[in-house]
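Visitor: Construct the entire structure; sequences and hints are all you get.
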Amino acid sequence: MSSEKASRSVLHVDLDAFFVSVERVLDPRLCGRPVVVGGPVEGRGVVAAASYEARQFGVHSAMPMGQAMRLCPDLIRVSGTRGVYARASKAVFDLLGSYTPIVEKVSVDEAYLDLRGTEHLFGRALDAADHMRKEVKERLRLDLTVGVSRNRLVSKVASGFAKPHGLFDVRPGQEPRFFAPLPVKVLPGIGPVTQKRLRDFHIDQLGTLATTDGWFLEDVFGRYGRSMRRRAKGEDETPVRPPWEKSTRKSLSQERTFAEDTDDLQVLRGRLQRMLEKCCSELRSKGLLARTMSIKVRYADFTTETRDATLPRPSDHDLEWWELASSLLERVLKKRRTLVRLVGVRFSGLERGFWQGGLFEEERVVQRGRLAVMDRMREKYGEKSVRTGDRLWLRNSQ
Amino acid sequence: MLEEVEMDGKAGQFSGNKNTFFLALRGAPAEDEEQLREGDVFAITEGVDVEAGDLVVWWTGVERTMALARVQDDFSFKGVGGFLGPPERLSAEVRGVVVGRLRQFEPDKSQEA
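Protein chains in written order, with our numbering: chain A, 1 to 398; chain B, 1 to 113.
Hints are computed from structural coordinates only; laboratory data are not their basis.
Keep in mind that this is a model prediction, so the values were computed, not measured.
Worth double-checking, as some hints may not be accurate.
Heads up, incomplete: computed chain B residues facing chain A, CB under 10 Å, no partners named [what the hints assert, rightly or not]:
id: 1; residue: M7
id: 2; residue: K10
id: 3; residue: T20
id: 4; residue: E33
id: 5; residue: T45
id: 6; residue: V48
id: 7; residue: E51
id: 8; residue: D54
id: 9; residue: G100
id: 10; residue: R101
id: 11; residue: L102
Calculated cross-link-like contacts (lysine-lysine; reagent style DSSO-like; alpha-carbon spacing at most 27 Å) [what the hints assert, rightly or not]:
id: 12; chain 1: A; residue 1: K105; chain 2: A; residue 2: K246
id: 13; chain 1: A; residue 1: K296; chain 2: A; residue 2: K278
id: 14; chain 1: A; residue 1: K137; chain 2: B; residue 2: K10
id: 15; chain 1: A; residue 1: K137; chain 2: A; residue 2: K90
id: 16; chain 1: B; residue 1: K78; chain 2: A; residue 2: K196
id: 17; chain 1: A; residue 1: K286; chain 2: B; residue 2: K10
id: 18; chain 1: B; residue 1: K10; chain 2: A; residue 2: K105
id: 19; chain 1: A; residue 1: K334; chain 2: A; residue 2: K278
id: 20; chain 1: A; residue 1: K90; chain 2: A; residue 2: K105
id: 21; chain 1: A; residue 1: K105; chain 2: A; residue 2: K163
id: 22; chain 1: A; residue 1: K105; chain 2: A; residue 2: K137
id: 23; chain 1: A; residue 1: K134; chain 2: B; residue 2: K10
id: 24; chain 1: A; residue 1: K246; chain 2: A; residue 2: K286
id: 25; chain 1: A; residue 1: K163; chain 2: B; residue 2: K10
id: 26; chain 1: B; residue 1: K10; chain 2: A; residue 2: K185
id: 27; chain 1: A; residue 1: K185; chain 2: A; residue 2: K278
id: 28; chain 1: A; residue 1: K286; chain 2: A; residue 2: K380
id: 29; chain 1: A; residue 1: K384; chain 2: A; residue 2: K286
id: 30; chain 1: A; residue 1: K233; chain 2: A; residue 2: K105
id: 31; chain 1: A; residue 1: K278; chain 2: A; residue 2: K250
id: 32; chain 1: A; residue 1: K334; chain 2: A; residue 2: K296
Cβ atoms here follow ideal geometry from the backbone N, Cα and C, with glycine treated the same way.
Guide: This is how it looks when you write it as structure tokens:
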């Protein structure tokens, strides 16, 4: 494990019963009483948020207000004002931003923070989390629950443990042991259907899931099977992304329907390469990187096949993606039954950033320099002014 | 001292397994890099291999002898937070490995009606 990963400290922070807590700041008489924020019974309103006192009666969010009132006759309903919550949320996030610039807001009351590099300012993650929680309480009178660990996934589960108004710190290296006894449903992404399927195979706890053979899980759950196994061990490398690293676009794609259906491999490769280069050029011009690429092939009988691939690090480098695209296309066409009507390529998992070559990737760095030159030539003289590889086989009409 | 406690809520799921349990720290600990605090609750897993760097609970088989120690590179135990490491003359054994720590805070009473 790299020292960067070993020293990484990710916090998951969650404001306890946020809407209700804000209402209690505005009207302290609501403290210690069962309170819900939501619409009126007569308007068929639902519960938007419930205090912990109300939850003890079985009241929870999204429940019809009428049902909530029946479960807890002393329930106090507050209509709530959205603008107030937005202002309170902004005040909390402004404060969190003074601890680290790497804050990823997940919702109005939930965020991830990466504390890398802040040790000299605020001490270890546990100290910083403690201080943060106290400051939010003292300055804004709101309760914060915090999960601390080396990654987002474990911190998210840990904060669930600490609720309400607590802090749970998972020791580095103990992630698999922390997860092992927990029911599979605590893992984000495992819903009732997957849970039931896992139960069919007597997999109820994360420890069992983590030690189940990867090939078996892949067989039952497809690609998700292996990632589920890694996550069951508490492994997660998803970075915390501050707003400026997030792309407003979710994906970028190109597809082409041929004027005549074809089975000419060189034409198919050429077309795919051309679309891939156009997408990568667009990524570069927008300062974006992609994590995942999908290729799509539609046959003359309208059957469609897609294949996905993910690079270990996000990229906008034509050649890195082309190596993958080329092998994916080969795999799809191996099963070809008929002529091809359409090919397409799609890039997803977009994030802001610039491609950076590794220390021993001199050739890739040189290639990347050439790509920048080609981008400028195409911008000046047109997209078809520079052709590469299999694109040479394409006629102007293709 | 360390005292075994039952947890409810989500944390209780952790102790639903026979190999896991919670210990609460009673009394003020000495300050050191483990940043222990009175009231801290440790999540412990027993019956697992111990590795250098692990924080462990050792005991002599009697609850009141439970203490926290860090496993050194040479696999000797160094007491933390004012706890002593196991003395040579005692036949101490590892009760479990600390996987996490829960710190809960009292809600602000001044706000309560």
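Visitor: Take the hints in turn and mark each one as holding or not.
Guide: Hints, verified against the model:
no.: 1; hint: M7; in the structure: holds, 9 Å
no.: 2; hint: K10; in the structure: holds, 5 Å
no.: 3; hint: T20; in the structure: holds, 5 Å
no.: 4; hint: E33; in the structure: holds, 8 Å
no.: 5; hint: T45; in the structure: holds, 5 Å
no.: 6; hint: V48; in the structure: holds, 6 Å
no.: 7; hint: E51; in the structure: holds, 7 Å
no.: 8; hint: D54; in the structure: holds, 8 Å
no.: 9; hint: G100; in the structure: holds, 4 Å
no.: 10; hint: R101; in the structure: holds, 5 Å
no.: 11; hint: L102; in the structure: holds, 5 Å
no.: 12; hint: A/K105 <-> A/K246; in the structure: holds, 11 Å
no.: 13; hint: A/K296 <-> A/K278; in the structure: holds, 16 Å
no.: 14; hint: A/K137 <-> B/K10; in the structure: holds, 23 Å
no.: 15; hint: A/K137 <-> A/K90; in the structure: holds, 15 Å
no.: 16; hint: B/K78 <-> A/K196; in the structure: violated, 45 Å
no.: 17; hint: A/K286 <-> B/K10; in the structure: violated, 44 Å
no.: 18; hint: B/K10 <-> A/K105; in the structure: holds, 24 Å
no.: 19; hint: A/K334 <-> A/K278; in the structure: holds, 26 Å
no.: 20; hint: A/K90 <-> A/K105; in the structure: holds, 10 Å
no.: 21; hint: A/K105 <-> A/K163; in the structure: holds, 19 Å
no.: 22; hint: A/K105 <-> A/K137; in the structure: holds, 19 Å
no.: 23; hint: A/K134 <-> B/K10; in the structure: holds, 23 Å
no.: 24; hint: A/K246 <-> A/K286; in the structure: holds, 12 Å
no.: 25; hint: A/K163 <-> B/K10; in the structure: holds, 8 Å
no.: 26; hint: B/K10 <-> A/K185; in the structure: holds, 12 Å
no.: 27; hint: A/K185 <-> A/K278; in the structure: violated, 42 Å
no.: 28; hint: A/K286 <-> A/K380; in the structure: holds, 17 Å
no.: 29; hint: A/K384 <-> A/K286; in the structure: holds, 21 Å
no.: 30; hint: A/K233 <-> A/K105; in the structure: holds, 25 Å
no.: 31; hint: A/K278 <-> A/K250; in the structure: holds, 17 Å
no.: 32; hint: A/K334 <-> A/K296; in the structure: holds, 14 Å
Of the numbered hints given earlier, the model fails hints 16, 17, 27; all others are met.
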